[in-house]
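Number of protein chains: 4
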Amino acid sequence: MAKSKFEYVRLFEADDRCLPNTWIVVRVDGKGFHKFSTEHEYEKPNDIKALSLMNRAAMSVMEEFKDVCLAYGQSDEYSFVFRKETQAYSRRSAKLSTNVCSLFTSAFVYYWNEYFPTSKPRYPPVFDGRTVLYPSNQNIRDYLSWRQADCHINNLYNTTFWTLILKGGLTPAEAESKLKGTLSGDKNEILFSQFGINYNTEPEMLRKGTVLVRRKIPVALPNGGTREKSQIVQEHVDIIGDEFWNTNSHLLTVT
Amino acid sequence: MAKSKFEYVRLFEADDRCLPNTWIVVRVDGKGFHKFSTEHEYEKPNDIKALSLMNRAAMSVMEEFKDVCLAYGQSDEYSFVFRKETQAYSRRSAKLSTNVCSLFTSAFVYYWNEYFPTSKPRYPPVFDGRTVLYPSNQNIRDYLSWRQADCHINNLYNTTFWTLILKGGLTPAEAESKLKGTLSGDKNEILFSQFGINYNTEPEMLRKGTVLVRRKIPVALPNGGTREKSQIVQEHVDIIGDEFWNTNSHLLTVT
Amino acid sequence: MAKSKFEYVRLFEADDRCLPNTWIVVRVDGKGFHKFSTEHEYEKPNDIKALSLMNRAAMSVMEEFKDVCLAYGQSDEYSFVFRKETQAYSRRSAKLSTNVCSLFTSAFVYYWNEYFPTSKPRYPPVFDGRTVLYPSNQNIRDYLSWRQADCHINNLYNTTFWTLILKGGLTPAEAESKLKGTLSGDKNEILFSQFGINYNTEPEMLRKGTVLVRRKIPVALPNGGTREKSQIVQEHVDIIGDEFWNTNSHLLTVT
Amino acid sequence: MAKSKFEYVRLFEADDRCLPNTWIVVRVDGKGFHKFSTEHEYEKPNDIKALSLMNRAAMSVMEEFKDVCLAYGQSDEYSFVFRKETQAYSRRSAKLSTNVCSLFTSAFVYYWNEYFPTSKPRYPPVFDGRTVLYPSNQNIRDYLSWRQADCHINNLYNTTFWTLILKGGLTPAEAESKLKGTLSGDKNEILFSQFGINYNTEPEMLRKGTVLVRRKIPVALPNGGTREKSQIVQEHVDIIGDEFWNTNSHLLTVT
Numbered sequence: 001m002a003k004s005k006f007e008y009v010r011l012f013e014a015d016d017r018c019l020p021n022t023w024i025v026v027r028v029d030g031k032g033f034h035k036f037s038t039e040h041e042y043e044k045p046n047d048i049k050a051l052s053l054m055n056r057a058a059m060s061v062m063e064e065f066k067d068v069c070l071a072y073g074q075s076d077e078y079s080f081v082f083r084k085e086t087q088a089y090s091r092r093s094a095k096l097s098t099n100v101c102s103l104f105t106s107a108f109v110y111y112w113n114e115y116f117p118t119s120k121p122r123y124p125p126v127f128d129g130r131t132v133l134y135p136s137n138q139n140i141r142d143y144l145s146w147r148q149a150d151c152h153i154n155n156l157y158n159t160t161f162w163t164l165i166l167k168g169g170l171t172p173a174e175a176e177s178k179l180k181g182t183l184s185g186d187k188n189e190i191l192f193s194q195f196g197i198n199y200n201t202e203p204e205m206l207r208k209g210t211v212l213v214r215r216k217i218p219v220a221l222p223n224g225g226t227r228e229k230s231q232i233v234q235e236h237v238d239i240i241g242d243e244f245w246n247t248n249s250h251l252l253t254v255t
Numbered sequence: 001m002a003k004s005k006f007e008y009v010r011l012f013e014a015d016d017r018c019l020p021n022t023w024i025v026v027r028v029d030g031k032g033f034h035k036f037s038t039e040h041e042y043e044k045p046n047d048i049k050a051l052s053l054m055n056r057a058a059m060s061v062m063e064e065f066k067d068v069c070l071a072y073g074q075s076d077e078y079s080f081v082f083r084k085e086t087q088a089y090s091r092r093s094a095k096l097s098t099n100v101c102s103l104f105t106s107a108f109v110y111y112w113n114e115y116f117p118t119s120k121p122r123y124p125p126v127f128d129g130r131t132v133l134y135p136s137n138q139n140i141r142d143y144l145s146w147r148q149a150d151c152h153i154n155n156l157y158n159t160t161f162w163t164l165i166l167k168g169g170l171t172p173a174e175a176e177s178k179l180k181g182t183l184s185g186d187k188n189e190i191l192f193s194q195f196g197i198n199y200n201t202e203p204e205m206l207r208k209g210t211v212l213v214r215r216k217i218p219v220a221l222p223n224g225g226t227r228e229k230s231q232i233v234q235e236h237v238d239i240i241g242d243e244f245w246n247t248n249s250h251l252l253t254v255t
Numbered sequence: 001m002a003k004s005k006f007e008y009v010r011l012f013e014a015d016d017r018c019l020p021n022t023w024i025v026v027r028v029d030g031k032g033f034h035k036f037s038t039e040h041e042y043e044k045p046n047d048i049k050a051l052s053l054m055n056r057a058a059m060s061v062m063e064e065f066k067d068v069c070l071a072y073g074q075s076d077e078y079s080f081v082f083r084k085e086t087q088a089y090s091r092r093s094a095k096l097s098t099n100v101c102s103l104f105t106s107a108f109v110y111y112w113n114e115y116f117p118t119s120k121p122r123y124p125p126v127f128d129g130r131t132v133l134y135p136s137n138q139n140i141r142d143y144l145s146w147r148q149a150d151c152h153i154n155n156l157y158n159t160t161f162w163t164l165i166l167k168g169g170l171t172p173a174e175a176e177s178k179l180k181g182t183l184s185g186d187k188n189e190i191l192f193s194q195f196g197i198n199y200n201t202e203p204e205m206l207r208k209g210t211v212l213v214r215r216k217i218p219v220a221l222p223n224g225g226t227r228e229k230s231q232i233v234q235e236h237v238d239i240i241g242d243e244f245w246n247t248n249s250h251l252l253t254v255t
Numbered sequence: 001m002a003k004s005k006f007e008y009v010r011l012f013e014a015d016d017r018c019l020p021n022t023w024i025v026v027r028v029d030g031k032g033f034h035k036f037s038t039e040h041e042y043e044k045p046n047d048i049k050a051l052s053l054m055n056r057a058a059m060s061v062m063e064e065f066k067d068v069c070l071a072y073g074q075s076d077e078y079s080f081v082f083r084k085e086t087q088a089y090s091r092r093s094a095k096l097s098t099n100v101c102s103l104f105t106s107a108f109v110y111y112w113n114e115y116f117p118t119s120k121p122r123y124p125p126v127f128d129g130r131t132v133l134y135p136s137n138q139n140i141r142d143y144l145s146w147r148q149a150d151c152h153i154n155n156l157y158n159t160t161f162w163t164l165i166l167k168g169g170l171t172p173a174e175a176e177s178k179l180k181g182t183l184s185g186d187k188n189e190i191l192f193s194q195f196g197i198n199y200n201t202e203p204e205m206l207r208k209g210t211v212l213v214r215r216k217i218p219v220a221l222p223n224g225g226t227r228e229k230s231q232i233v234q235e236h237v238d239i240i241g242d243e244f245w246n247t248n249s250h251l252l253t254v255t
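Chains as they are written, first to last, in full-length UniProt numbering: chain A, 1 to 255; chain B, 1 to 255; chain C, 1 to 255; chain D, 1 to 255.
Among these hints, one or two may not hold up.
Remember, identical chains collapse to one label, so a pair may be satisfied in a single copy or spanning two.
[As the list claims (entries may be wrong)] Simulated crosslink set (SDA-like; lysine to any residue; CA at most 25 Å straight-line):
| id | residue 1 | residue 2 |
| --- | --- | --- |
| 1 | Lys5 | Leu251 |
| 2 | Lys5 | Arg130 |
| 3 | Lys5 | Asn200 |
| 4 | Lys229 | Glu39 |
| 5 | Lys120 | Ser52 |
| 6 | Lys167 | Asn198 |
| 7 | Lys5 | His152 |
| 8 | Lys5 | Asp142 |
| 9 | Lys35 | Glu174 |
| 10 | Lys187 | Ile165 |
| 11 | Lys95 | Arg10 |
| 12 | Lys178 | Leu191 |
| 13 | Lys35 | Arg56 |
| 14 | Lys44 | Met205 |
| 15 | Lys66 | Phe36 |
| 16 | Lys95 | Ala14 |
| 17 | Lys49 | Tyr123 |
| 18 | Lys66 | Phe33 |
| 19 | Lys35 | Phe116 |
Rather than coming from a laboratory, the hints here were simulated on the basis of the structure.
With the hints as constraints, model all of the structure from the sequences given.
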């Protein structure tokens, strides 16, 4: 079709291709989810249904983007790690962040009532997104460690805070005051000595967050026997130490 | 809370603030909507319900972002024009594009069954987003003219194409062949002489797309009388010529 | 010639084209010129030879880059304003800043001994460069006003400071102490009442800096008569107020 | 001093800091040096004086920028490799490229008559500059290999081309025609069989270009004995193969 005289405005679009040979992370973050979780009566300190819905939305992203080799989620955020050599959307930063963010949001609303069957969200939930580049394997590991350390710190705090309220009868202000200046050891001690809770036996999904990776899984064949099929699996494991990376060394290797 | 030794990875996030004193457009575009519209049995050549749902999603964006002074939508795309002087998200490009794109997507799924009450989408729909800067008033007008000219060209083509099929009994291949190389006048002639259709009397929403602007609307007060209230209204008008801009000169003025 | 297997590294070069339809300013700044001026015994508070050499170097830039419509210099810095619509180096930011900066530096060293005939610089002088975009005519005028206001503030200070030392017999520390917290009016008063100097009659090159523009100048023809020829001229005039811009309105008009 | 109302224009300067933990290369390239070398009667195919002046200018850059761990030059270009972890100029791209480019240019003019004592350049020579990022050690090695391969290809061509003219009596057009489509082996053969020249015994500076690195050199002490001192040395060695990198492994190691 004929081009209009207005076509020149396309030249104002900037080229935002990411530096080659770097890890590309797209992280989505819930917008105003403190308020959203309160208004939707998320259970405190953790709502398994809400976390599962986050994981479901992340699965949709990972099914769509074959070059995402690992995703990590906790609380109201999810990070998607694209292989260093990905050519998805020609590595254009905005294309990657908006497509991932839109699909994640879409799936979150779409699958909502599989996790909250008796209700509908009160309003459309929103996630923002960003693209960040990490040049080295150490950098991408440190990025993921940063998010998992954040998960640990926040979850220990929230678990103690809400236990003081729900089981200890404190007001939120009293609980906040009691926790002010405490270290990890102090919070573990409060949980154990006052409430008999061993934090280290709390569910791993809460303490570690969720890692999504692709694994070859044997699937049964109609005529008997099995064959290996790549599937996305959810794991709740430590990704700060070396063990995970030693046993999953393929993740950091250019294929 | 204590910062972890991994915090340094935050320094890898780039500063992507938009040049000050320029119009910021965020455009969202349906991803794979040719396929999506077929799989969801959108009426051809236009599905009023689907366009209305697009408009509904755009209303959500405009309600949230007070600095969007005008939005323009057609087909599976919507452009949101932020005031030149907006400081929303400190003018960070990715924040703007992902928030707008996520909210648009979320509202599209959220309000789906107000427009398609008997069904649910077969899978989560996705929109991508981009941020583009336009320095001058002429540039932003030309951008919007580009999109409306695109609407006109595509809608005239699609209307003729589908009329040849649905009323003329042609196959899609025959219709495509017949339209190859035709100009606007040729298509108008086919519609009129063969099918008695005057294209210029087709609904304006289809021919012009939809403009969203804020207008002061008188609202009734409980005790009688009225007061003016700002409301977002949908208009299906020409925005290529000068008339719209003369009567809405405030849109291009820094407030 | 055959391409080597290493050619792929070219893909790591980023596209840095400037937004269309914006004023492009390249500013060069002397690096460590406080030290440089001392080591080369620049006269205080102003060295006419040094400023003239700066102007000579700027002339070289403007002769080379036809799309520089105006340049403004003061102290150890020079700003080059490219027309909004320039396509020089495809508007690539680094190409513009490095070419301008290199030519300016080269000419500064090259013409040094036309201004300092008895000596050679003690070491190679360096200027850094940067590219900044300004969308509107008001923005580019404000940019130039900012530099000229800076010239005024610094020159009034330096003139008073050095007069107190050279004519008043103060030490630098005493002069600095005396000027601390003074306003413009105070400095004018010190110059006038203590030294009989009317600052407003100081040379305009010092108070206003130097503006380079192209003017049609009549040149004599061999056979008698004249014809107009475009030449770069140096002016020492106010560019903050409207007068300059009213009489040079072509500078801000797209050609 | 008081800030003027024009200060806001500073906000239009973009943040252009380079991604952390990546190699930063600043490459300077002669602008129009084909013409420049002809007008200054550079000897063909290579002018040792001109190459030595390039090396001298590069030495100035490396003396100033302690974080340049290696520089590589050939023909009218020089590449400066900043350590991955450099914080020079806060890694701001334009600051790095313009400072390096300006100093290189300045030194080139400044030291000109140490190499061309009987003349002065006919006009100020210009070099452009660019900043490119390379994430991995392999990438930076491939970048340097690319430049050295370029040196080899061009120098073999130029040597053969000029030998055909200067010793073989061909016109430039005849020489060009004769070399069209030839491979490296063909050119080696022409040189050897027609002119008795073994290309592999040509000076290494011409065949390999120049590598600048810092080496600990023993310097004599006044009272006898020696101590090690870091000095910049020029080497004309292969940097494509592994040997150089094995014996200089510290260059690629974060310190």
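**Item:** Alpha-carbon proximity context of Lys120 and Ser52, limit 25 Å
**Value:** The answer is both: 16 Å in one copy and 21 Å across copies each meet 25 Å.
| message | My question is about Lys5 and Asn200: at a cut-off of 25 Å on alpha-carbon distance, are they close within one copy, between copies, both, or neither? | response | between (66 Å within a copy, 22 Å between copies)
field: Intra- versus inter-subunit Cα pairing at 25 Å for Lys5 with His152
entry: Intra 57 Å, inter 14 Å, cutoff 25 Å: inter-copy only.
- Message: Regarding Lys49 and Tyr123, is the shortest C-alpha distance of 25 Å or less found within a copy, between copies, in both, or in neither?
- Response: Both ways: Lys49 and Tyr123 sit 18 Å apart in one copy and 21 Å across, limit 25 Å.
Evaluate Lys229 and Glu39 at a C-alpha cut-off of 25 Å and name the case that applies: within, between, both or neither. neither (41 Å within a copy, 28 Å between copies)
Since the copies are identical, ignore which copy is meant and state whether Lys66 and Phe36 lie within 25 Å (CA to CA) inside a copy, between copies, both or neither. between (31 Å within a copy, 21 Å between copies)
Worksheet entry | Status of Arg130 relative to Lys5 across identical chains (alpha carbons, at most 25 Å) | So Lys5 and Arg130 pass the 25 Å test across copies only (22 Å; inside, 34 Å).
message = As a check of your reading, is Lys44 near Met205 (CA-CA no more than 25 Å) within one copy, between copies, both or neither?
response = within (15 Å within a copy, 47 Å between copies)
>> With identical chains, the pair Lys66 and Phe33 could be close in the same copy or across copies; at 25 Å between alpha carbons, which is it: within, between, both, or neither?
In response: between (28 Å within a copy, 21 Å between copies)
- Item | Status of Leu191 relative to Lys178 across identical chains (alpha carbons, at most 25 Å) | within (13 Å within a copy, 65 Å between copies)
query: Between the shortest in-copy and the shortest cross-copy C-alpha distance, which are at most 25 Å for Lys187 and Ile165: within, between, both, or neither?
result: This pair counts as within: shortest intra-copy Cα distance 14 Å, inter-copy 67 Å.
*From the Cα coordinates, with 25 Å as the cut-off, is the pair Lys95 and Arg10 best called within, between, both, or neither?*
both (16 Å within a copy, 21 Å between copies)
In summary, the one numbered hint that this structure violates is 4.
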